[in-house]
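We have chain A already, so just place chain B on it with the hints.
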Amino acid sequence: MSGGDTGGRLVRPFTLTGGRTRPSRADFTLITTVTAVDPPPERAPRPQPEQLRILRMCAEPVAVAELAARLDLPVSVVVILLCDLLEAGRITARAPRPVTRTTPDLDLLEKVRDGLGRL
Amino acid sequence: MAGSDRAARTPTAPDTVKILIAGGFGVGKTTMVGSVSEIAPLRTEEPLTVAGLDVDDLAGIEEKRATTVALDFGRITIGPDLVLYLFGTPGQQRFWFMWDDLAVGALGAVVLLDVRRPRASFAALDFFERRGIPFVVGVNGFFGRHPYPPERIRDALALPEDVQVLLCDARERGSCRDVLLALIDQLIAAAVRDDGTGRLTRRTR
Numbered sequence: 001m002s003g004g005d006t007g008g009r010l011v012r013p014f015t016l017t018g019g020r021t022r023p024s025r026a027d028f029t030l031i032t033t034v035t036a037v038d039p040p041p042e043r044a045p046r047p048q049p050e051q052l053r054i055l056r057m058c059a060e061p062v063a064v065a066e067l068a069a070r071l072d073l074p075v076s077v078v079v080i081l082l083c084d085l086l087e088a089g090r091i092t093a094r095a096p097r098p099v100t101r102t103t104p105d106l107d108l109l110e111k112v113r114d115g116l117g118r119l
Numbered sequence: 120m121a122g123s124d125r126a127a128r129t130p131t132a133p134d135t136v137k138i139l140i141a142g143g144f145g146v147g148k149t150t151m152v153g154s155v156s157e158i159a160p161l162r163t164e165e166p167l168t169v170a171g172l173d174v175d176d177l178a179g180i181e182e183k184r185a186t187t188v189a190l191d192f193g194r195i196t197i198g199p200d201l202v203l204y205l206f207g208t209p210g211q212q213r214f215w216f217m218w219d220d221l222a223v224g225a226l227g228a229v230v231l232l233d234v235r236r237p238r239a240s241f242a243a244l245d246f247f248e249r250r251g252i253p254f255v256v257g258v259n260g261f262f263g264r265h266p267y268p269p270e271r272i273r274d275a276l277a278l279p280e281d282v283q284v285l286l287c288d289a290r291e292r293g294s295c296r297d298v299l300l301a302l303i304d305q306l307i308a309a310a311v312r313d314d315g316t317g318r319l320t321r322r323t324r
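Chains A and B, in that order, give the protein sequences. First residue of the first sequence? That's 1 in the numbering used here, and the numbers climb one at a time after it. First residue of the second sequence? That's 120 in the numbering used here, and the numbers climb one at a time after it.
If we strip away everything but chain A, and leave its shape as in the complex, we get:
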């Protein structure tokens, strides 16, 4: 877990994003899963070091929140980096399973129950 020293951290990460503070895409939630595209598309722009770290971490599918925690960066910053990677075709993003109150998904609930039962 990250330590208590946050001094200066909140300024620096946004320098990674070229000063942008808002993602161009709103489709990254905390539990959106991202996966590096393998092999990378030809003529993809060279990723910057933080993006390379992300690409290594999501060789296997990983949730945005986990990426942020492992990179020790705010989720909002990671999302901006992910937007660029998505636009460059370097990653795929899978949205969370939709959950609605009006039409509950019994199959899903039973699957979760069975899975928890095995804990």
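Calculated from the structure, these hints are not laboratory results. Incorrect hints may appear among the rest.
Stated by the list, open to error - Simulated restraints on C-beta separations:
id : chain 1 : residue 1 : chain 2 : residue 2 : range
1  : B       : Phe262    : A       : Arg46     : 54 to 64 Å
2  : B       : Glu280    : A       : Arg101    : 14 to 24 Å
3  : B       : Gly198    : A       : Gly89     : 43 to 53 Å
4  : B       : Thr131    : A       : Gly117    : 20 to 30 Å
Stated by the list, open to error - Coverage of chain B stretches by chain A, computed from C-beta distances (three or more under 8 Å per stretch; other residues unrestricted):
id : segment
5  : 129-140
6  : 155-163
The beta carbon of each residue, even a glycine, is placed where N, CA and C say it ideally should be.
Then chain B, alone, in the frame of chain A:
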């Protein structure tokens, strides 16, 4: 890393769902997340700017440094195609705005309660009740003590009959699992009830 079957190398991502672990400050949320998570609880810290405060102005950085909110979360792999995330909601009142974002798409919530200071969790109960988000109440017995039976706690909190109240120990994996199971059972019961047939209409396994 050239391979013959290149297109197929990108692994398929699993579906993801989440459950919130809520309650007042210090009721055991992170402990519970850690007890059932297959990974050590992770923490991500967000500057409050994500809530829509203007971040273009770099003046007042001192204030921004003070206003971060930590989110602790854990993971339970249900199967190869489904992963459950548990998010401990920030306990302090000033961070409630984050709950709305967190609540979007959540299956439901566990509201943890410390009977020695139940008021600390009242706000969490109100939050989920008002928004119609399903929840169960986990009464975290500190030092393993449970001075009140669940029914008395339900009455004291004026909870509806369909909201389960469970005595638990946030340090115990099995106990936390049972609370989560109770939430899922409650969701299934509500789904079946709403279905109107009174019974499961789809395959049970």
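Hints, verified against the model:
1. As the Cβ distance of Phe262 of chain B to Arg46 of chain A is approximately 57 Å, the hint placing it in 54 to 64 Å holds.
2. In this structure the supplied range 14 to 24 Å holds for Glu280 of chain B paired with Arg101 of chain A, their Cβ-Cβ distance being about 19 Å.
3. Between Gly198 of chain B and Gly89 of chain A the beta carbons are some 29 Å apart, a value that contradicts the proposed interval 43 to 53 Å.
4. Range check, Thr131 of chain B to Gly117 of chain A: Cβ separation about 25 Å, and the 20 to 30 Å hint holds.
5. Counting residues of the segment 129-140 of chain B whose CB lies closer than 8 Å to any CB of chain A gives 9, which reaches the minimum of 3, so the coverage claim holds.
6. Coverage of a stretch by a chain is defined here by at least three residues with a beta carbon nearer than 8 Å to that chain's beta carbons; for the segment 155-163 of chain B and chain A the count is 6, and the condition holds.
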